[in-house]
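S.K.: If you want the building blocks of each chain, they are given just below.
4 protein chains.
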Amino acid sequence: MARAGLILKLSCPDQPGIVAKVASYVASHHGNLVEFAQFSDQLGKKFFARLEIHTADLDVDVEDFIEGFGTLGRSLRATWHFRRLPFKMRTAVLVTKTDHCLQEVLWRTELGEMPVEITSVIGNRETCRSAAERAGFDFRYVEMEGRREEGFREIRELLVEQKVELVVLARFMQILPDWFCEEFAGRVINIHHSFLPAFIGANPYKQAHERGVKFIGATCHYVTGELDAGPIIEQEVERVQHFHGPADLVRLGRSCERAALAKGIRYHVHDRTILDGHRAIVFPD
Amino acid sequence: MARAGLILKLSCPDQPGIVAKVASYVASHHGNLVEFAQFSDQLGKKFFARLEIHTADLDVDVEDFIEGFGTLGRSLRATWHFRRLPFKMRTAVLVTKTDHCLQEVLWRTELGEMPVEITSVIGNRETCRSAAERAGFDFRYVEMEGRREEGFREIRELLVEQKVELVVLARFMQILPDWFCEEFAGRVINIHHSFLPAFIGANPYKQAHERGVKFIGATCHYVTGELDAGPIIEQEVERVQHFHGPADLVRLGRSCERAALAKGIRYHVHDRTILDGHRAIVFPD
Amino acid sequence: MARAGLILKLSCPDQPGIVAKVASYVASHHGNLVEFAQFSDQLGKKFFARLEIHTADLDVDVEDFIEGFGTLGRSLRATWHFRRLPFKMRTAVLVTKTDHCLQEVLWRTELGEMPVEITSVIGNRETCRSAAERAGFDFRYVEMEGRREEGFREIRELLVEQKVELVVLARFMQILPDWFCEEFAGRVINIHHSFLPAFIGANPYKQAHERGVKFIGATCHYVTGELDAGPIIEQEVERVQHFHGPADLVRLGRSCERAALAKGIRYHVHDRTILDGHRAIVFPD
Amino acid sequence: MARAGLILKLSCPDQPGIVAKVASYVASHHGNLVEFAQFSDQLGKKFFARLEIHTADLDVDVEDFIEGFGTLGRSLRATWHFRRLPFKMRTAVLVTKTDHCLQEVLWRTELGEMPVEITSVIGNRETCRSAAERAGFDFRYVEMEGRREEGFREIRELLVEQKVELVVLARFMQILPDWFCEEFAGRVINIHHSFLPAFIGANPYKQAHERGVKFIGATCHYVTGELDAGPIIEQEVERVQHFHGPADLVRLGRSCERAALAKGIRYHVHDRTILDGHRAIVFPD
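Residue numbers (the UniProt record's numbering), protein chains in the order written: chain A, 1 to 285; chain B, 1 to 285; chain C, 1 to 285; chain D, 1 to 285.
A few of these clues could be false.
No farther apart than 25 Å at their CA atoms in a straight line, the calculated lysine-lysine pairs in the PhoX-like style are these [unchecked claim]: (1) B/K46 <-> C/K21; (2) A/K45 <-> A/K21; (3) B/K88 <-> B/K21; (4) D/K206 <-> D/K97; (5) A/K97 <-> A/K206; (6) B/K21 <-> B/K46; (7) B/K206 <-> A/K45; (8) A/K206 <-> B/K45; (9) C/K21 <-> C/K45; (10) B/K21 <-> C/K46; (11) D/K46 <-> A/K21; (12) A/K46 <-> B/K206; (13) D/K21 <-> A/K21; (14) D/K21 <-> D/K46; (15) D/K45 <-> D/K21; (16) D/K163 <-> D/K88; (17) A/K46 <-> A/K21; (18) D/K21 <-> A/K46; (19) C/K88 <-> C/K206; (20) B/K206 <-> B/K97; (21) C/K46 <-> D/K206; (22) B/K45 <-> B/K21; (23) C/K45 <-> D/K206; (24) A/K206 <-> B/K46; (25) C/K206 <-> D/K45; (26) B/K21 <-> C/K21; (27) D/K88 <-> C/K206; (28) C/K206 <-> C/K97; (29) C/K21 <-> C/K46; (30) A/K88 <-> A/K163.
FYI, nobody ran anything at the bench for these hints, they're computed from the structure.
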């Protein structure tokens, strides 16, 4: 886990020989491939892969190894990304009132379960300040009431200043402006309290109760300009019955939300996700 | 299971003392209450119950016991229904092409798992004839092409003639006319191949694939005039991943469909469901 | 939820008329039965019930109502228990090193999800002190090394002194002495990190990995003198694959442990459990 | 699906460069790798892979391609196996009394969901004859009563004569002799009606009821000389409650058994399983 290494994510048009070429490049420089997850999408004619490479025995500098891959990557018309291990992803957590998702993220971070460094917890309410500060994290209050646009500009500045790589919306009850979604595309993860695409919009647990569904759920997804429609990373469900009122669904749903968000973040920070239009390829662990 | 008995289903406005009154009526005539499932809906202010009563020691005729309950039922402004045990519900199964749901129903019926008597299998294609006849059931072909209205009139006549109490749509690919839904209200069960209310309409597995959901599902529900919106009886889900194409979802979904339909029918024929507007109260076993 | 009321738990030999008698007693004094969960065990010939009664309109003192029930209870040869609502159960949490179960309990308590008052967190290591104290709870260190018996005597004294009603073993890595199990029978809840009865004993995740199971799980159970064999309250499972090493199972298992323990405690403190020999009757919510 | 191709299964001691070497061999002959599932077991220092290769554009005969791989395979000290697509695995189904697992296998085979050709259904009772024959399959009765050894010799002869590649024990209630297990090692799949390793031995549902577990399950595994201890291919679980008696567990368990067996067979016949001592590596689809 703490061994020096690289993660390579790659997507390109499908064609014969990709695995051989990529694996051969790694092997030719004495990289040790400990995981090679791939997916050839026969419908979309695309190829996706995630490689985990131990670099202890590399015959070149890691920097050189990465640069040298470019020739191959370009010949495959690929999009690719290398990450050096070990690393911690600089992450801001945005919250409003409820703190269960925040607590889950803080707790798993402290446990070392996720390679994340919390830069700050940002709230448009003061409610979560104590939870954040008690756990030793910086809390920033940003007023949004009647100044949503300015509020988001402030958040943006903070994110840039703190070199934040990932923004987690941990039950942040504000719709992001389009310019924000674009600037941080693929780097904002939300937890939605329903089994999307069911119950889009407000009060999904109330909707779920009225519809009489037998499962409730939560959805962790990338945020795009289109509300609740971004690529899904993870979902969790729980069986419910007629006697569960809306308040029970909220209670039971919290566990789904925490579980789905925690896994979703984990997959993202371990580079186990690759965006593919409206979908996300996810190689779970 | 084969013991003589009664099932009583009851719903009424909630008020103190209902359980006492109903249970006392049963006890006063030496009925033995082996199951008393109840639900006081604190939001809707309604009371729902299902009682299973062994009648071996009744001090009156069963007929008389049932009639005598009327006084109490009316005083509670209740809707109620008695069913004598053992019984078999006369059931017609409507199909089109795919036979997996049909097979499941036939197989569980033969096994004696569900107290059902299949009156006939009715198809608007000939495809399922062999599956039905091979298992020893009557198959009726009803032409629908260009004569949907006449087709449904024919089906209606058959159902009436055969004294059918329950109509199961086992992947029957026709939308029922409103008059049919009304005439058989609360007696038509459908299996929908998605986790409703997600993916209403055509080709739900294709929709699910495009949306990149992490669970697919199936929904067993009562049919109402509003498409795919009737009260849900049972749902089943299964986890899927990015590599599952639409054909895989169809394959995996079949198991959800069979399971949800089988449980839904079971709950209905054992009088474990009570309709409550857009929802169904279900006391599972 | 905060309404004045009573919970009545009752078990007795099965016989006709119990529901009528119990419900009639409640109704005769204008108690309002909002939940009546019952189970007639046809194999064991026993009857179990949990009643939730709103007492706002009682025509007698609650004390008197409770006392008056005795005549009926004795005539049914029942064991019963009344609890007044609202209430909080005085609860001690015993821990060793890992804090994920402790955190879950503390967090749900703070959220008000469980009517629990934490009297103290007791550790045979210092590891969890900061988690407890940071959340504002009293932490007591009890040395066990080479003085297990004395350690447990100390714990017992603390529990008695603090009038503790429930002892939660939140990954407490010590086997309780028999005298302790007896003294606190039915009041000690443990979380076991396997899907019991599989993988009894040490290192269940390692065992699970070696056996190549496709699900891991956790079990919340009452503690009895017989190790890992007490009545099960709740279990949770999660699907795993061959690539999950023992460390992954530990990680994934933590979520099962937290979920199962939280539900188990909830059921217990809401009096939703009734012991029946080696089993627990559980009326979930 | 019907495209000409090869499946290659391979396991060998782990070492750097395996993926590159194997994929390069395929690419060098213009094979098109459409799936490359691999697992580097960091604990056991072993490498496992399953490749699916489209062979339409191969620059050599398939026979030659397979033979040529030997040089590489031996250099890796690998065990490997090629299968030509499309294919159907010749499969015998052994049964005793209950037919739900048999029905599931026959039905999925007829549907074309599994590339299986049923050579015969073999029963040590006559009970399943009608189910088999009605579906158009050959049924063979083998007397076992008081002649177990001879019975198994007869079965063996039939299997050999019919060139059977896979033996499915679909609730076959006889313990296989050691010589039989050895002769057909890795080619006999059993469905066990419990969530192994819990409830080994007789009457697992009764055991599960007595223990009061909250989930029941079924386990599909390879048969070895050690009873119920062979490598697990697939498991399925279902939540149960205190009111489910042993008969209910049997009923609910049947669904688990059918699901786990069907998936287990599917994984085997698609060469998605690789044996690794007491465990099976399974690449699910």
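S.K.: State for each hint whether it applies.
M.R.: Outcome of the hint check:
Taken as a hint, the B/K46 and C/K21 pair is honoured in the structure, with Cα atoms around 23 Å apart against an allowance of 25 Å. For the hint pairing A/K45 with A/K21, the CA-to-CA distance comes to about 18 Å; that is within 25 Å, so the pair holds. Restraint check for B/K88 and B/K21: the C-alpha separation of about 30 Å exceeds 25 Å, so the hint is violated. For the proposed pair D/K206 and D/K97, the alpha carbon gap of about 19 Å is at most 25 Å, so the pair holds.
With a CA separation close to 19 Å, the supplied pair A/K97 and A/K206 stays within the 25 Å bound. A C-alpha spacing of about 16 Å is found between B/K21 and B/K46, which places the hinted pair at or below 25 Å, so the restraint holds. For a cut-off of 25 Å, the pair hint linking B/K206 to A/K45 stands: about 17 Å separates their Cα positions. The hinted pair formed by A/K206 and B/K45 meets the criterion: a straight-line CA distance of about 17 Å does not exceed 25 Å.
The hinted pair formed by C/K21 and C/K45 meets the criterion: a straight-line CA distance of about 18 Å does not exceed 25 Å. Of the supplied pair hints, the one linking B/K21 and C/K46 holds, its CA atoms being roughly 23 Å apart against a limit of 25 Å. With a C-alpha separation of about 23 Å, the suggested pair D/K46 and A/K21 falls inside the 25 Å cut-off, and the hint holds. Of the supplied pair hints, the one linking A/K46 and B/K206 holds, its CA atoms being roughly 18 Å apart against a limit of 25 Å.
Restraint check: the Cα-Cα separation between D/K21 and A/K21 comes to about 10 Å, which is no more than 25 Å; the hinted pair holds. Restraint check: the Cα-Cα separation between D/K21 and D/K46 comes to about 16 Å, which is no more than 25 Å; the hinted pair holds. A C-alpha spacing of about 18 Å is found between D/K45 and D/K21, which places the hinted pair at or below 25 Å, so the restraint holds. Taking the CA atoms of D/K163 and D/K88, the gap is near 12 Å; set against the 25 Å cutoff, the hint holds.
For the suggested pair A/K46 and A/K21, the alpha carbons sit about 16 Å apart, so the restraint of at most 25 Å is met. The suggested pairing of D/K21 with A/K46 holds, with an alpha-carbon distance near 23 Å, which does not exceed 25 Å. For the suggested pair C/K88 and C/K206, the alpha carbons sit about 38 Å apart, so the restraint of at most 25 Å is broken. Pair hint B/K206 plus B/K97 holds up; C-alpha atoms about 19 Å apart against a cutoff of 25 Å.
Note on C/K46 and D/K206: the hinted pairing holds, with a Cα-Cα distance of about 18 Å set against a maximum of 25 Å. Straight-line distance between C-alpha atoms of B/K45 and B/K21 comes to about 18 Å, which keeps the hinted pair within the 25 Å bound. For a cut-off of 25 Å, the pair hint linking C/K45 to D/K206 stands: about 17 Å separates their Cα positions. Restraint check for A/K206 and B/K46: the C-alpha separation of about 18 Å stays at or below 25 Å, so the hint holds.
Distance check on the hinted pair: C/K206 and D/K45 sit about 17 Å apart at the alpha-carbon level, within 25 Å; holds. For the proposed pair B/K21 and C/K21, the alpha carbon gap of about 10 Å is at most 25 Å, so the pair holds. Taken as a hint, the D/K88 and C/K206 pair is broken in the structure, with Cα atoms around 38 Å apart against an allowance of 25 Å. As the CA atoms of C/K206 and C/K97 are separated by approximately 19 Å, the hinted pair is consistent with the 25 Å bound.
Of the pairs offered as hints, the one joining C/K21 and C/K46 holds, with about 16 Å between alpha carbons and a cut-off of 25 Å not exceeded. Taken as a hint, the A/K88 and A/K163 pair is honoured in the structure, with Cα atoms around 12 Å apart against an allowance of 25 Å.
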